[in-house]
Amino acid sequence: MTSIDQIIQRETNPFDQVTLYTINFWQEQQNPNWNVDSIHQNIISDIETVLEQVAQENRPRTLILTGDSGSGKSYLLGRIKKLFNTKAFFVYIDPWPDSDYIWRHILRQTVDSLMKTPEGQTDSQLLLWLKGLLDSQNSSLFQKIIGERKVFIRNLKGIYSSGIYNPNDFFSAFYHLLNSNYISIACEWLRGDNLDEDDLKSLGIKSSIDSEDSAQKIMTNLGIISAASQPIILCFDNLDNIPRLLDGSLDLQALFNVNSSIHTHCPQNFLIIISIITSTWKQNYEWIQPADKTRVNAGYFHLKPITLEQGKAILAARLSPLHSLAKPKPKSPIFPLSTEILEQKFSRGKTLPRNILELGRKEYDRYKNKLLYESGNVQKLTPETKLETFKLIWQDKYQKTQKKINKITDFAAQELIRMLQEVLIAVECKEVKTKLLSGKYASHSLSYQQQNKEGIIGVVWTEDKNMNSFYNTMNACQKVADKSLCQTLYLVRAAEVGNAKNMSNRIYRKIFKGRLKNCHIQPNLKSVYFLATYHSLVNAALANELMIEGKIISLKELEEIICESQILNSCSLLRDLSVVDSTDNQEQQSDSDLSDLDEVKDFVVNLIKTECFMERKNIIENTLNKFINIEQSKIYTIIEELEGEQKIKNITPTSKLDRKLVCFIPI
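Numbering (the working numbering), first residue to last: 82 to 748.
Rather than coming from a laboratory, the hints here were simulated on the basis of the structure.
List time: in silico DSS-like cross-link candidates among lysine-lysine, alpha-carbon distance up to 25 Å:
(1) 231 - 287
(2) 715 - 481
(3) 521 - 564
(4) 451 - 730
(5) 632 - 431
(6) 707 - 730
(7) 451 - 408
(8) 485 - 197
(9) 467 - 637
(10) 298 - 238
(11) 385 - 363
(12) 560 - 514
(13) 163 - 484
(14) 546 - 298
(15) 741 - 682
(16) 707 - 481
(17) 730 - 443
(18) 287 - 582
(19) 741 - 410
(20) 426 - 443
(21) 197 - 168
(22) 426 - 451
(23) 393 - 163
(24) 282 - 231
(25) 212 - 298
(26) 393 - 632
(27) 443 - 632
(28) 564 - 591
(29) 197 - 484
(30) 467 - 728
(31) 521 - 560
Take the sequences, apply the hints, and build the full model.
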C-alpha cells in the first residue's frame, strides 16, 4: 500500500506556479477536471442569454466583464469558449500595439482565431463557418459552383446585393478558402498581409487590405454574412497593455470607437466581451465618451469573490489525482490542507480563486518539507528559488509560443516593433521610442540609445512581400539617413529585398550595403519566439497575473528578473543589435543538439530546486512531457551528471531506481 505521504513526497506540486494563470484561450487549453461549475455560473448563464439574443436578432451586443486581479476573468472566457463553441465562433483579441492600427489588429486576430480548430472538429472555425454559410443559402451551392470562381462570386453577390465592401475581392478570397492549395494565401489576404503581385494575381484580387478604413469595412462584411450562420464572439482581454495617451492614461476610447462603429451597422452578428480589471475600469471610465458608453447594451458583469466551499472544491479538484493513488485515501478531499487552514487564512469566508490556489501551493510545499525534515523544521521559500521558478514559467510560455507561431509574418510589423520595444526597455536601453520613420510606415520603426553610449540607433522592421510597400519603406529610410536622425540604422527583414532591377533594391543597397554604419539584419524565427514570449509575460505582469512564490510580479520586477536570468542573451536578434552579450555556451558551441540538452538540464535543475525533492520517475515523466523529442536515456544521463556535479542527491538509496527520491543540494 502506498500512503498519501509517500505520494506527496514523490509527486510534483499540483498547484505549480507555471500553470497558475491562463491568458489566451486558444493558446492555453484548460483542464476540464479542474473546473468548478458553481463558480460564476450565474454570469455564464447570463452571457448565454445574451448570445442567444444576438443569434436571434442579428444585432450586436456588448458587455463589460470586470473583476479584481486573480478573480478568474481570462479563465472564465476560456470556460465560455469551451461551453459555447458549438453555438458561436470565438475570437481572442489581445492588446493592440498602436491605436492608429486598431482595426487592422482586430481583423488580423479575428482571422487568426477563426483559423483555430474547435475541440471535436476537424475543420477550422473559418471553414465550419463558410460551409455553414453556403449550406444555409443553398445546400447544393457548394457542389455546383466550386469549380467556377466567377460563378461563385456572382452567386454570393446576388445573395448579398448590398452592404458588402469590395465584394469581388472579398468573395474571391472566400472562394479560395475552400481550396486547400490556396487557403493559406487567402487567409493572409483576409488578415491584412501585404501580398506581392503574384499572390494577389493567383487569388484574382486587385490589392491588399492596407488601411484602417478597409480593415473596418472587411470586419463589417464578416458581421453581415455571419448573420446567416453563427454569432462571432470578440473577446478583448489584458487591456492594461494597450497604448497610452500623452497623460499616461489608457487609450480605451479607441476600443469604444470600434465598438460604436460595429453597432452602427445591421445586421452585425457580433457579441463583444470587454474583460478588464475593476480598478482599471474605474480609473478610465470617466474618460470614455458618454455616447460610447450607451453602446454597452448587454450590461456590466462583475466577478465576485468565491465562497470557501467553492475554494475547497478547487483544492479537491487539483488534489484528486494524488488522492486516487493513495491507499488508504485521505479522509479529507483537500488534504494536506484543512477547513481550519482555510478559515484561518480567509476569516471573512470569501476570497479569490488565485488566492486559494496560492494557499494550496504553499501548504503542499510546507507539508512536503515536513516529511523530508524529520525535525519538523519547515524549509522556507527563499529568493534563490525565485529565478528558478521564473525559468520554468519562461520555458512553459516559450514552448507554447513555438506551437502558436509558424512564421515571422504571423505578426504585423507594428506588433514586431512593439515587442522589440518592450525587450529593449527590459535590457536597459534608453529613450526607446517608436515611429522613427515618418508617414505611412512610421509604426514599423523605433529608435533607442544603448546604455552608457551616445548616439541614436534606429530600427526598421518590415516583412511586407509587396515590393511597392518595400519601395516606400526604403524611401522613408532614405529620408532618415539624409537628415542624420540616427547614428546607425538597422533594417530587420527576413523577406527578400528584390533584385537590381527594382528601384527599392537600389535604395536598399545604397543605405544598407554602402560604407555607412547601417546594417541589414535577417532575423530568425527563434528570435521572434523570444520577443513574443516576453510580450506575453509583460501582458501578464501589467494585468497583475504574473505570480512567483506568492508575490505578484510588477513590470519593473519582470524586467529585473529577465536581466538577471540572462535568458535574452540567447536571442540572436538582440545580439546582432549589440544590446546583449553572448553567453559562454553560445560562444563555445554551435551544435543545436548540445544546446537543446543544456535547456533540458536547466529544466531538470529548476524543477527539482522548486519542488525541493521528488521521485526520479516523476522527474523523467515531467521532462518527457515538456520535451517530447528527447530520448529517455538522455534524461538518465542528465540526472547522473547532476548527481556527479553534486547539484542533486539521492536520499533513498535502498529504493528501486525509478522510485528513488532526489533532492536539490543548496550551494
